[in-house]
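Visitor: Take a look at the letters that make up each chain.
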Amino acid sequence: MRTETQIAIIGAGPAGLAAADLLAEAGCEVTLLDEQPAAGGQIYRGIASANAERLRVLGTDYAAGRKLLGVLDRPGVTFIGGATVWEVTRERRISYSVGGTARSLAARRVIACTGATERPMPFPGWTLPGVMTVGAGQILLKTSGLLPPAPLVLAGSGPLLYLLAAQYLAAGQAISAIVETTPGGNWRNALRHLPGALIGNRYLRKGLMLLARIRRAGVAHYRGATGLRAEGTSRVEALTFTVRGRTRRLPCATLLIHTGVMPNLQITRSLNLVHDWDALQQCWRPQLDDWGGTGIDGIHVAGDGGGIAGAEAAVHSGRLAAIGCLAALELIGPEDRERRTAAERRALRAQNRARPFLDALYTPAPEFLDPPDETIVCRCEEVTAGKIREFVDLGCLGPNQAKSFGRPGMGPCQGRYCGITVSAIIAARRRVSIDEVGYYRIRPPLKPITLGELAAMDVLDESDGDDPDA
Amino acid sequence: MATTRMPDAIIIGGGLHGLSAALHLARAGLKPLVLEKDYPGRHASGVNAGGVRRLGRDFAEIPLSVEAMRLWHGIADIVGDDCGFIRCGQVKVAETEAELQILRDRAAQVAVLGFDHEEIIGREELLRIVPAISERCVGAMICRADGAANPFRTVMAFRRRAVELGADIRSGSPVAHIERRAGGWSVEAGGARFQASVLVNAAGAWGSQIAGLLGEAPPLRIDAPMLMITEPVAPFLTPVLGAEGRKLSFKQFENGTVLIGGGHRGKAEPGLNLADTRLGGLRQSAATVVALFPQLRATRIVRAWAGIEGVTPDGIPVLGPSVASEGAYHSFGYSYHGFQLGPVTGRIIADLILHGVTDLPIAPFRIDRFSEFHRTGAWREPA
Chain A
1 MRTETQIAII
11 GAGPAGLAAA
21 DLLAEAGCEV
31 TLLDEQPAAG
41 GQIYRGIASA
51 NAERLRVLGT
61 DYAAGRKLLG
71 VLDRPGVTFI
81 GGATVWEVTR
91 ERRISYSVGG
101 TARSLAARRV
111 IACTGATERP
121 MPFPGWTLPG
131 VMTVGAGQIL
141 LKTSGLLPPA
151 PLVLAGSGPL
161 LYLLAAQYLA
171 AGQAISAIVE
181 TTPGGNWRNA
191 LRHLPGALIG
201 NRYLRKGLML
211 LARIRRAGVA
221 HYRGATGLRA
231 EGTSRVEALT
241 FTVRGRTRRL
251 PCATLLIHTG
261 VMPNLQITRS
271 LNLVHDWDAL
281 QQCWRPQLDD
291 WGGTGIDGIH
301 VAGDGGGIAG
311 AEAAVHSGRL
321 AAIGCLAALE
331 LIGPEDRERR
341 TAAERRALRA
351 QNRARPFLDA
361 LYTPAPEFLD
371 PPDETIVCRC
381 EEVTAGKIRE
391 FVDLGCLGPN
401 QAKSFGRPGM
411 GPCQGRYCGI
421 TVSAIIAARR
431 RVSIDEVGYY
441 RIRPPLKPIT
451 LGELAAMDVL
461 DESDGDDPDA
Chain B
1 MATTRMPDAI
11 IIGGGLHGLS
21 AALHLARAGL
31 KPLVLEKDYP
41 GRHASGVNAG
51 GVRRLGRDFA
61 EIPLSVEAMR
71 LWHGIADIVG
81 DDCGFIRCGQ
91 VKVAETEAEL
101 QILRDRAAQV
111 AVLGFDHEEI
121 IGREELLRIV
131 PAISERCVGA
141 MICRADGAAN
151 PFRTVMAFRR
161 RAVELGADIR
171 SGSPVAHIER
181 RAGGWSVEAG
191 GARFQASVLV
201 NAAGAWGSQI
211 AGLLGEAPPL
221 RIDAPMLMIT
231 EPVAPFLTPV
241 LGAEGRKLSF
251 KQFENGTVLI
261 GGGHRGKAEP
271 GLNLADTRLG
281 GLRQSAATVV
291 ALFPQLRATR
301 IVRAWAGIEG
311 VTPDGIPVLG
321 PSVASEGAYH
331 SFGYSYHGFQ
341 LGPVTGRIIA
351 DLILHGVTDL
361 PIAPFRIDRF
371 SEFHRTGAWR
381 EPA
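Residue numbers (this note's numbering), protein chains in the order written: chain A, 1 to 470; chain B, 1 to 383.
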């Protein structure tokens, strides 16, 4: 197993694959690591093995992902699937595990393409069995063609909700209802961005097409729903919510929820990069330069992990990071760099024209950032929103202190499902900005590893160990 | 600059030792002020392993540690909260006959000094107390009345009680300037000026920096001891466990998670207020655990962290009056094992301030004891 590489790319989604392609073309030696056994990322998950029927169900945009996989056959490119990266150091040493064995990889440059993760959507009852995220539902569809038990209700906000609904309908799955939580005010805020969005209207056209398909299928569609509550004793039995002052109750065996995605920041957080709060997307993103440079020598970020922009934009930001690497390695000159950078940035701007409209429209509803008291916020340690508010009243100033008060963020998910909510609840209670409250301190191991794995590891870095003067 | 405030004493550092000094002064009716650059318990006091241990203490610390343990057993009477303290015992295992002999010799020396808390047990008794331990272990030293507490909860309890008794605690107030004035001290911190006749330096890893402002900075190494915690596993361990031949501190909590420490060091960045973990030391800790408890091989580590700690060359604290200035006192440099001493160090400082003396032997902790170190430059491993 290799222990050194010229360029390590973490994440083989659109950004990582595009970066690898450009780097391999320039003669670089690239190691691509991905947590999944096959390349494609979440967006093109299972693409290499999908049969004709699955490609039909999932649509042409999904099928188009296959062309990105060509890079895996290029000379100089090594793909390591099933690799869970659990540490990236400032010195560009990557620790990862494959099949229960921990390994170390030293890289001259690193591009982190860790993509997006679904926002947590906490409301009373969201932890009941039978409630899943839309993303999880789509993964089952992409990897094994699995359909969830009916009756099925989809609830939340964002394009992925419509996409999965359309894919389910194409697969013959009945949907009882779509309960949309996009606040009415979002439409008014979004409208001023509509002219710009119409220039790059492919996203909008696709969205309208999906909506039309859902309408034709006769799926009940509730808009402006608030006060969501999943009911049930041992598993979900119904969703209740309020629309225009009237409370409704929809029986369901499966409730799929979604309120958009946010960058997966575990690596950038663990590197102590500066993160800015994006008020429109209601999430943090790392500060990056034009080439995804992080300010740490040799470490770049590309794709949705640097800010949500979607799969096609990720291809261009992946290429920009690759161009940055080539220039730093002096494999291209300054002129070449400027020319290629300008071309990618133009393409990126075109891709991003519909972004302000989409971001304004799908800004998550406030009730999912600051949910009612009885809502479980930290699923691992079962800490409720009300408890977090109590901690603040006792003098807790931020999420790291909250851990000491009541253990939120201290379970196996390491804060992934509760981090943003805990910060938002504390900020609202203290009446300060979420930036002032900050986020959990994220440290390796970024994913749990076993004691046996760690004990058996070959640690390469000489400065490690317990010599304080090292 | 805001109006000058005049508390009875200015304590720099809102960790356990500073808060304990504040609590004991407030109990005596004084109005102390605590200046904390971050928030109380932000560093070593709040994120340590929570060991409440007399076992294996440096001889100089034993009288203080024994008195502190007496206070721990009635901690709720002092701070109004049990601080999560449990009397689960502390055990240090020997894996070889030679290691057990070292422990026997040590216990004999402690007995000669007049203390009986360190007890030697054989394999049979060890297996009865820790059935899951590897059968290679030949025996152990045990302090049955030692235990563990919840560090942050302890800091919060000391803070709460000190405030109830009249202490003023200022978070976000790093000290910018200290000046000796006629009859006392003038301190600028967090945009305000304070004056008091008494100054206490309880600044932990930053203690030498503050002592430097008084003109007597002792050598202090800034370490980043690391800890790891596992996912919950079925109960298998009651006492806090260490090992004579290895760096290990090992404790299973009520929720089943296992805390693994033992003094392997990460990377401290005191200027940035940060401590990073280092893989090499974590790997050694994991290897030690797997050697002693092979059944934990498949148990997952869910978190690792490091804190910032100040370590003196001889591994025991600086505790007592300033030598350079009158009206100043030090309480810092606890070198990995200050938590257990917390309840008593505040009382010592209060006694020194109020009566000029303390009934506990603190001569070994003088701030001007490092001339030997200045000659040799040799650091000793903290006990």
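Quick caveat, the hints were computed from the structure, so don't treat them as lab data.
Heads up, the beta-carbon is just placed ideally off N, CA and C, and yes, glycines get one too.
Be aware that one or more of the hints could be misleading.
Calculated pairs, DSSO-like style, for lysine-lysine (alpha carbon to alpha carbon, straight line, at most 30 Å) [as the list claims (entries may be wrong)]: (1) 267(B) to 37(B); (2) 31(B) to 447(A); (3) 447(A) to 247(B); (4) 447(A) to 387(A); (5) 267(B) to 247(B); (6) 37(B) to 387(A); (7) 67(A) to 206(A).
Simulated DEER-style distance windows between Cβ atoms [said to hold, decoys possible]: (8) 96(B) to 26(A): 50 to 60 Å; (9) 289(A) to 190(B): 47 to 57 Å; (10) 219(B) to 37(A): 48 to 58 Å; (11) 236(B) to 432(A): 41 to 51 Å; (12) 287(A) to 177(B): 51 to 61 Å; (13) 242(A) to 132(B): 33 to 43 Å; (14) 219(B) to 73(A): 34 to 44 Å; (15) 372(A) to 236(B): 51 to 61 Å.
Visitor: Run every hint past the structure and note whether it holds.
Guide: Okay, the hints, checked on the actual structure:
1. 267(B) to 37(B): holds, 21 Å
2. 31(B) to 447(A): Violated, at about 48 Å.
3. 447(A) to 247(B): Holds - the C-alpha atoms of residue 247(B) and residue 447(A) are around 25 Å apart, at most 30 Å.
4. 447(A) to 387(A): holds, 26 Å
5. 267(B) to 247(B): With a Cα-Cα distance of about 18 Å, the restraint between residue 267(B) and residue 247(B) holds, given a limit of 30 Å.
6. 37(B) to 387(A): holds, 27 Å
7. 67(A) to 206(A): holds, 21 Å
8. 96(B) to 26(A): 50 to 60 Å: For residue 26(A) against residue 96(B), whose Cβ atoms are near 58 Å apart, the range 50 to 60 Å holds.
9. 289(A) to 190(B): 47 to 57 Å: violated, 35 Å
10. 219(B) to 37(A): 48 to 58 Å: holds, 54 Å
11. 236(B) to 432(A): 41 to 51 Å: Given range 41 to 51 Å: holds, Cβ gap about 44 Å.
12. 287(A) to 177(B): 51 to 61 Å: violated, 33 Å
13. 242(A) to 132(B): 33 to 43 Å: Violated, since residue 242(A) and residue 132(B) (Cβ atoms, about 54 Å apart) do not stay within the stated range.
14. 219(B) to 73(A): 34 to 44 Å: violated, 60 Å
15. 372(A) to 236(B): 51 to 61 Å: Once the Cβ atoms are compared, 39 Å apart, the range 51 to 61 Å for residue 236(B) and residue 372(A) is violated.
Consistency note: the structure conflicts with the earlier hints numbered 2, 9, 12, 13, 14, 15.
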